[in-house]
Amino acid sequence: MEPQSSGILLLVAAALFSIGLAVVLTKRHAVVVLMGIELMLNAVNLNLVAFSQYDPDRLQGQLFSLFVIVVAAAEAAVALSMIIQVYRHFRTVRLDELTDLQQ
Numbered sequence: 001m002e003p004q005s006s007g008i009l010l011l012v013a014a015a016l017f018s019i020g021l022a023v024v025l026t027k028r029h030a031v032v033v034l035m036g037i038e039l040m041l042n043a044v045n046l047n048l049v050a051f052s053q054y055d056p057d058r059l060q061g062q063l064f065s066l067f068v069i070v071v072a073a074a075e076a077a078v079a080l081s082m083i084i085q086v087y088r089h090f091r092t093v094r095l096d097e098l099t100d101l102q103q
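Okay, so the sequence shown: first residue is 1 according to the working numbering, each after it adds one.
Source of the hints: derived by calculation from the structure; they are not laboratory data. Every value quoted in this text rests on a predicted model; they were computed, and no experiment measured them.
Cβ-Cβ distance ranges computed for the label pairs, FRET-style:
#, residue 1, residue 2, range
1, I19, E97, 20 to 26 Å
2, M35, R91, 17 to 23 Å
3, H29, Q53, 35 to 41 Å
4, R88, T26, 25 to 31 Å
5, V71, A22, 19 to 25 Å
6, D57, H29, 43 to 49 Å
7, A15, Q53, 18 to 24 Å
8, R91, A14, 35 to 41 Å
Glycine included, every Cβ here is placed at the ideal spot set by N, Cα and C.
Could you build all of it, start to finish, from the sequences and the hints given here?
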């Protein structure tokens, strides 16, 4: 991979992370917020793979990226199960409507 293409990868990763952060900060639907978090984790993966080209003898970037994918899958499963439980109890998944979690 050429250094110029890694610059493009870093720009794409920065854009993905920015979009994910904007989604997390502005949206109020729990599933959409979860999607924003997943976008940010994918941006981190792209950065890890882009930076790993500078050390071709080691696969640390790819291994860390694989670890992040596994953690993201577990995080998504736990978060979705929590969203389902919140929906069963409150009948909504809008985060701004969940003001009292001790009902």
